[in-house]
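Sequences listed follow chains U and V, in order.
First residue of the first sequence: 187, per this note's numbering; consecutive thereafter.
First residue of the second sequence: 145, per this note's numbering; consecutive thereafter.
Hint data in this document are derived by calculation from the structure and do not stem from the laboratory.
Hints should not be assumed to be uniformly reliable.
Said to hold, decoys possible - Covered, in the sense of this in silico footprint (three residues per stretch, anywhere, with C-beta under 8 Å from a C-beta of chain U), are these stretches of chain V:
1) 155-169
2) 197-204
Stated by the list, open to error - Result set (DMTMM-like, lysine to aspartate or glutamate): computed pairs, CA atoms no more than 25 Å apart in a straight line:
3) U:Lys500 - V:Glu151
4) U:Lys236 - V:Glu182
5) V:Lys185 - U:Glu237
6) V:Lys206 - V:Glu230
All values derive from a computational prediction rather than experimental measurement.
Backbone N, C-alpha and C define an ideal beta-carbon position, used for all residues, glycine too.
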Amino acid sequence: MSLSHEFIMGLVRLTLYVVGLIAFAAFNAAYLSLCERKVPAWFQLRYGPKEVGPFGLLQPVADGVKLLTKQLLVQKGSDVLLFKLAPVMVITPAIMCLAVIPFSETLGARNINLGLLAIFSFSAIHVLGTMLGGWASYNKYASIAAARVVAQNIAYEIPLLLVIVALVMVTRTFNLHEIVAQQAGAFWHWNIFRLQASPLMPLAFLIFFTCMLAESNRAPFDMIEAESELVAGAFTEYSGMGFGLFFIAEYANIVVGCSLATVLFLGGWHCPFGLLPGLHWFMIKMYVLCFAVIWVRWSFPRTQFYGLLNLSWKFLIPLAFVHLMLTAVMLKLA
Amino acid sequence: MWNYLKEIFSGGYSLLVGMWITLRHTFRRPVTVQYPYESLKMPARYRGHIQLVFDAATGQPKCVACMACARACPSNCISLEGHKPEGATRRVVSKYTLDFTSCSLCGLCVESCSFDALEFSKDYNLAATKKDEYVMDLMKQAQGKQEK
Chain U
187 MSLSHEFIMG LVRLTLYVVG LIAFAAFNAA YLSLCERKVP AWFQLRYGPK EVGPFGLLQP
247 VADGVKLLTK QLLVQKGSDV LLFKLAPVMV ITPAIMCLAV IPFSETLGAR NINLGLLAIF
307 SFSAIHVLGT MLGGWASYNK YASIAAARVV AQNIAYEIPL LLVIVALVMV TRTFNLHEIV
367 AQQAGAFWHW NIFRLQASPL MPLAFLIFFT CMLAESNRAP FDMIEAESEL VAGAFTEYSG
427 MGFGLFFIAE YANIVVGCSL ATVLFLGGWH CPFGLLPGLH WFMIKMYVLC FAVIWVRWSF
487 PRTQFYGLLN LSWKFLIPLA FVHLMLTAVM LKLA
Chain V
145 MWNYLKEIFS GGYSLLVGMW ITLRHTFRRP VTVQYPYESL KMPARYRGHI QLVFDAATGQ
205 PKCVACMACA RACPSNCISL EGHKPEGATR RVVSKYTLDF TSCSLCGLCV ESCSFDALEF
265 SKDYNLAATK KDEYVMDLMK QAQGKQEK
């Protein structure tokens, strides 16, 4: 009898987490997209949306209704199955990644030993989804974008993983809970300031952040959307909620990336001064990083494609290698 | 190698400068004018359509219906009538119509007026749904403004 009780409780827990994580992703997509309009408005001395609801707070609802009422058009000659599958393939891994992220000591859907590995395996899928979407659109702009997304994501996956490998060498675990637990205490215990492990740790964080921007296809690395060159890139032929899903996935990827940066480098749920650890510290750090993502987007123009690849192959990968070597040597000496 | 490092540092520095500029602008006041709710005061030399100038002492238009403006107008959009009241020393205007559809805002009418009786108005909200609304009775408009 106790087994079935546990089973039912497990099912309830599963349902609650699935609903909760999807709601969290959707809520973030809605309100980060509002921030995406408000924050650049401040940068450019404007007000941003302010007509819908108080301070424009209901703008995401209006946007959502607009997207939902639009017709889903399928281009003649496109691969219908892949075309409809692509948005799903992009958004599902983003939400699955959220399942292993520890939001606080007790809040986290799954505490698995290979959490870090799980995130990187899932997050590689959205590249495939975007590429298939672009390919299936039967549109030359979308095809160019499909080719770009592969080149870009391969180039940036390497420095990202090199930095992670160095970090895992220091932490000796893939378990995200344990990685955060190791960083307990004040801010000089965080991985970003773990200079005794490698003096290049702050640089490693910058490499991670840059690669995260490129992996989630954010400006200045938004080569796959590039609206001034490629109409809307891989999303050119998508309308209504098909486009909406790509849109939600973009913000879900940002949330995953910022959460991961918080967990890996900024001490997760720990307070900078060792006081009152908890969910709120995680959220503060995560949203500060999200602000930085928006901030970067509205400060810098889009790079050209060779500039993007140059940055990765000539700067980020060598630097990540130096960091990796240095970490290995320091570990051996210690 | 030296150039490589120099490129990293100068590039990184320029990125920081860019981000500092955008961050500084965040705390400035927006320059947007919320148009339907608020509007800017037009500058003194703004040239809207013409309007009649009133004499502050008598409350009557300064215009004496000399027809100089109507003659000066290259597009013939001004038509006016005047009469001389009994016992008065000069003529007064009784009807002044501006066909704004053909007016090019050249200002020759204002220039030609020797009595300073014409000026540019500061109206710029001039959208209308019918052509007739642009045939303006300036006497009526001016009286409406006086009452306001």
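These are the hints, each one checked on the structure:
1. 155-169: holds (count 7)
2. 197-204: Since three or more residues must qualify, the claim that chain U covers the region 197-204 of chain V is violated, with 0 doing so at under 8 Å.
3. U:Lys500 - V:Glu151: holds (11 Å)
4. U:Lys236 - V:Glu182: holds (15 Å)
5. V:Lys185 - U:Glu237: holds (24 Å)
6. V:Lys206 - V:Glu230: holds (18 Å)
Violated hints amount to a single one, hint 2; each of the other numbered hints is respected by the structure.
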